[in-house]
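Place chains S, C and E on chain V using the hints.
4 protein chains.
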Amino acid sequence: MYSFICDYSEGAHPRIMKALSDVSYEQNSGYGNDTHCSKAANLIKKAISREDVDVHFMPMGTITNVTTIASSLRPYEAVLTAKTGHIEVHETGAIEATGHKIISLPQTDGKLMPEVVEECVASFEDEHTSIRKMIYISFPTESGTLYSLKELKALRAICDKNDMYLYVDGARMGNGIMAEGNDVTLKNLSQLADAFYIGATKNGALMGEALVLVNDKLKPNFRFMLKRLGGMTAKGFVLGVQFEELFKDGLYLELADHANKMAQKLAKGIKELGYGFLSFSPTNQIFPIFSNKIIEELQKNYDFYVWEPSDKDHSVVRFVCSWATEEKEVDKLLEIIKGFSKA
Amino acid sequence: MYSFICDYSEGAHPRIMKALSDVSYEQNSGYGNDTHCSKAANLIKKAISREDVDVHFMPMGTITNVTTIASSLRPYEAVLTAKTGHIEVHETGAIEATGHKIISLPQTDGKLMPEVVEECVASFEDEHTSIRKMIYISFPTESGTLYSLKELKALRAICDKNDMYLYVDGARMGNGIMAEGNDVTLKNLSQLADAFYIGATKNGALMGEALVLVNDKLKPNFRFMLKRLGGMTAKGFVLGVQFEELFKDGLYLELADHANKMAQKLAKGIKELGYGFLSFSPTNQIFPIFSNKIIEELQKNYDFYVWEPSDKDHSVVRFVCSWATEEKEVDKLLEIIKGFSKA
Amino acid sequence: MYSFICDYSEGAHPRIMKALSDVSYEQNSGYGNDTHCSKAANLIKKAISREDVDVHFMPMGTITNVTTIASSLRPYEAVLTAKTGHIEVHETGAIEATGHKIISLPQTDGKLMPEVVEECVASFEDEHTSIRKMIYISFPTESGTLYSLKELKALRAICDKNDMYLYVDGARMGNGIMAEGNDVTLKNLSQLADAFYIGATKNGALMGEALVLVNDKLKPNFRFMLKRLGGMTAKGFVLGVQFEELFKDGLYLELADHANKMAQKLAKGIKELGYGFLSFSPTNQIFPIFSNKIIEELQKNYDFYVWEPSDKDHSVVRFVCSWATEEKEVDKLLEIIKGFSKA
Amino acid sequence: MYSFICDYSEGAHPRIMKALSDVSYEQNSGYGNDTHCSKAANLIKKAISREDVDVHFMPMGTITNVTTIASSLRPYEAVLTAKTGHIEVHETGAIEATGHKIISLPQTDGKLMPEVVEECVASFEDEHTSIRKMIYISFPTESGTLYSLKELKALRAICDKNDMYLYVDGARMGNGIMAEGNDVTLKNLSQLADAFYIGATKNGALMGEALVLVNDKLKPNFRFMLKRLGGMTAKGFVLGVQFEELFKDGLYLELADHANKMAQKLAKGIKELGYGFLSFSPTNQIFPIFSNKIIEELQKNYDFYVWEPSDKDHSVVRFVCSWATEEKEVDKLLEIIKGFSKA
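Residue numbers (this note's numbering), protein chains in the order written: chain V, 1 to 343; chain S, 1 to 343; chain C, 1 to 343; chain E, 1 to 343.
So here's chain V without its partners, still in its complex pose:
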């Protein structure tokens, strides 16, 4: 049984394991106040071409979203998201747990379109309605799609006009940056977003996300929120060491590139066999449509999500590749699908 179910099935890349082993007996300051976190932060500042930011290392994605959003907003301020956004669909009310309203809006290819945001902003009345204060998007989105630079700039313009924040969830940031056709850089993000995070749990680390606070207003007392919401890590250096390794010579993007290539090879092969897709995703998640009979057969040897029904007899499935996906497994899966297709 081989798994294409997600990109957090495997552990950490051997280089990361080595880096962590190397510091086993080294004494470091607690709670992220150590030299590894400090070096990793500097490497990230270099990668995003911007020095005047705060970088915080956090263990997991949900708590990164929660802490950033709760720290940025006053209690009566709301965050806007596409209906399919992770914070709306798959965090079990974690944002609301901090007292904040999510306003969920129609999506296009998993994305929040500027005109939809504008309409929501216009619907604000007075103290009987929540202040529309933050736009939450994912890069890439839950469906593996990407915002173009132009789309990001349009969202930024709305934020500027309405005194709002733009926050980018980058759980799979590397996969977005390295995707074919992508025109957004980390530098762009550091210019356009008020805050964003660079995820490593899904890209080769044991666990860890690097939050970048760009807007000065979001910086003060962030560590108090981090502690209060449970995300502060006693051995913060464990996160720092991993990001240091990932960013010191490009390993982060290299691993994401591998995952993308494996997924795109799979997509190309499936497409050539004549199958359709739910959406065009250039990243490490792909969404082909198969007959339920084929899906049943595939499930005998593979783990993957059946995403949603397509019609009576067909369903969308999701295949995800990771930093550790072996090319021979991709080839093997393609062969098997080819076999079904001939039948």
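One copy or any two copies: either way a pair holds, since identical chains are not told apart in the list.
As a list, the in silico DSSO-like pairs of lysine-lysine whose alpha-carbon atoms are at most 30 Å apart: (1) K161 to K312; (2) K219 to K161; (3) K219 to K133; (4) K217 to K133; (5) K300 to K39; (6) K248 to K18; (7) K150 to K187; (8) K83 to K133; (9) K217 to K161; (10) K83 to K161; (11) K328 to K18; (12) K45 to K187; (13) K18 to K39; (14) K248 to K265; (15) K46 to K217; (16) K332 to K265; (17) K153 to K83.
Keep in mind that the hints were calculated from the coordinates and are not lab data.
Showing chains S, C and E alone in chain V's frame:
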């Protein structure tokens, strides 16, 4: 500069690093639904001599406390703690962030005495007062002291009488269990507590705490709370692998024992030199009292906490030893203190 | 300047003022534990033909919604509402302030259709998604429309099938019950809803809502939530006295009937003049469509809401009548509109 | 059965009832945006000799405390109170329900002494501890005692030095101001407090508290918090009308003065009979100590609180007088006590 500042300065024990490296390319189910977590849970059940419990692996201590307490209580129910309890003093309102009241009570040697709890329970009136529903204690306490079996049974009796829960924070559980003079076993805890956790972040792991839910009422839907409060770990197996290694042949207690021995050797040496202590701690934290002049000298070569003033010219300091503390460093520190003492 | 802007512009009906004045020097128990609240609760039980319910008097609508929803749900449970629901649109995140997620769904005539609810229930996955636990509807809705008995029974059936609660916001309950064509009785509500409230602030009282808890599961410790969320009234008898007066001989329904009749007379007159309406509302709120020019003229002498644009040159307005609306003012307004129409 | 149990047993003063009746058919803007609220706010500004404040009318005391505290603090900021403070003891965790920590401190005569506050402020460390941001006191306190002007100035000085807020709960403000020996004026409060409220529920109104926000930092967006936490009143003018009447010619202080005089007459009489008191309270609450036998006898004809045991055979009781307490009832009670005393 050698550090006695805490027991989370070093990384993970080499055996843990090896166990983690061994699974780098293994594919595991996400979110703790993997075989390593399952095996580790079984090992823990064996260690506590009780099968009918739920074990959840969580990344950090604060979020373990928060999730357990918030999951156990209805909104109008409060948790009782000693004034010096971790949740009262050092979690920046993390419990209150979930909407629950902490009632903080006078302490004796860092402990909550039964009569103090009884008085608090008696002060409940009606819907104008919070229901006293849970007792929170640490084993060992923040000052390194231990509840005796008799004291634990007295707290249990209060819980039974008043329909309350007893929750034990075991961030340093191993150090408590292995302490000289301790008469409490893990089996006792699994009989007396409604919930408790066995901490590994401070005892040889990269990070990880094992929460044991004993009372059936606390079990349903716990994973929903775990997700909602941000403590669910995508690569849950990273925690499972570590606990598997720690509990498969006694490594957990062995590491705690080492930390205790180092601290007690230090305590004994300091005592022999005629210094007093804030409290008697048989665990891996000790609290000697030095003149401020000596403290100033020690700070040139050592990291440690200056805990609180003792009198005008003296202060209490805290020295903590860990699984990684080297005996030669303990000896060296003793020599240095001896040097000051002669002067 | 006469106002058709809402049904809380005027104070209380003279009979209520007299009842309150009569008890000025009477000594009553605090916090709703008085004989007036007790008598009023009995009168309400009679009006809804059900004895085995708990009745709580609360000062205002938002806090009634908040307390009921927060008291009914565990933290990871969500409430479903139409996108246009009051709790979603006009309570500034008050539900989320208690940590609960609102899942907002497409509406039809301001109502939540059974199939929409079923689809939402089906989208539940596991601990990564909020449990769909409660359906929130208003009777009448924000647009003045009414659920039919058949529609309510369909929602009830979904609740029964999925272990969910049905909660009915009755801020304008009287107007719904007395509306022409309505086939839902208070008795029906007490059989179909798990909880509902009967609003009086918008129907002749100074302030006050009567919450009816039908489902036994929702009853325990409700007063603790009431106190904790700030809705407990020291002089609870002030609410009890008002409901006693409203329900002792039918005043409540009589006042609602008047408001409905005034609004329907206005609607009929406007319709006869050939104007269209946003929706068909048989209650005390009506939504005619006028040219912006006419609206501008009307605003010189009348207060009312301009609801939303209809087309480039026309807008929907809202006229609301209350227990105190004078028929001669309705006639006068109709005359004025007739005047514009001739022009 | 006559009641000395509290000062919210009776309804509203006849002048207030008349004022409310006078506006029954008057049309007013909703949510406090009406001329009565505006006039009442101006009268209060005059009474406190300060124009540059915001006045908000709220229905009840708990929600006033909750909204003010939650609105003033960032999530990781705590409020300090005496252990006996209302928010700590008698609000069922209402402050914590908004996510904020209460730090409860030792009290002296129900009051928070400057040195106790200073010690608490000094115990702040870093992001592992809540920021000490607000001091909460009551004037008068729960035990009827009063802060002197000097004591208030000392608390103010601590606030100035440490960037903290001083908030004064004035549920019984009138009784404090009018107490014999009191040297604090409303003007003093408007100079020394960052926020305070003037309570009317316990002083002649049906319900209503007037919150005064002095510090400019606390003013923006307060109405959003008011709505979000459920305290916004649709018929806000009902509160405005009452405060207008109470403050237009001194009725507020007159009623408080009456309550004080009745209580002090009772206290004087009891004292002359040789009984002791728990504390010296110059306000409308008094705390005499009787034998349990006498208490039992009194309970046959009177309602009052048995506050706490004094010794094996004696208890402290609380008698409260209100704006409506009749002097003849005070005399009668004194006679009865005198009767017991002779026996």
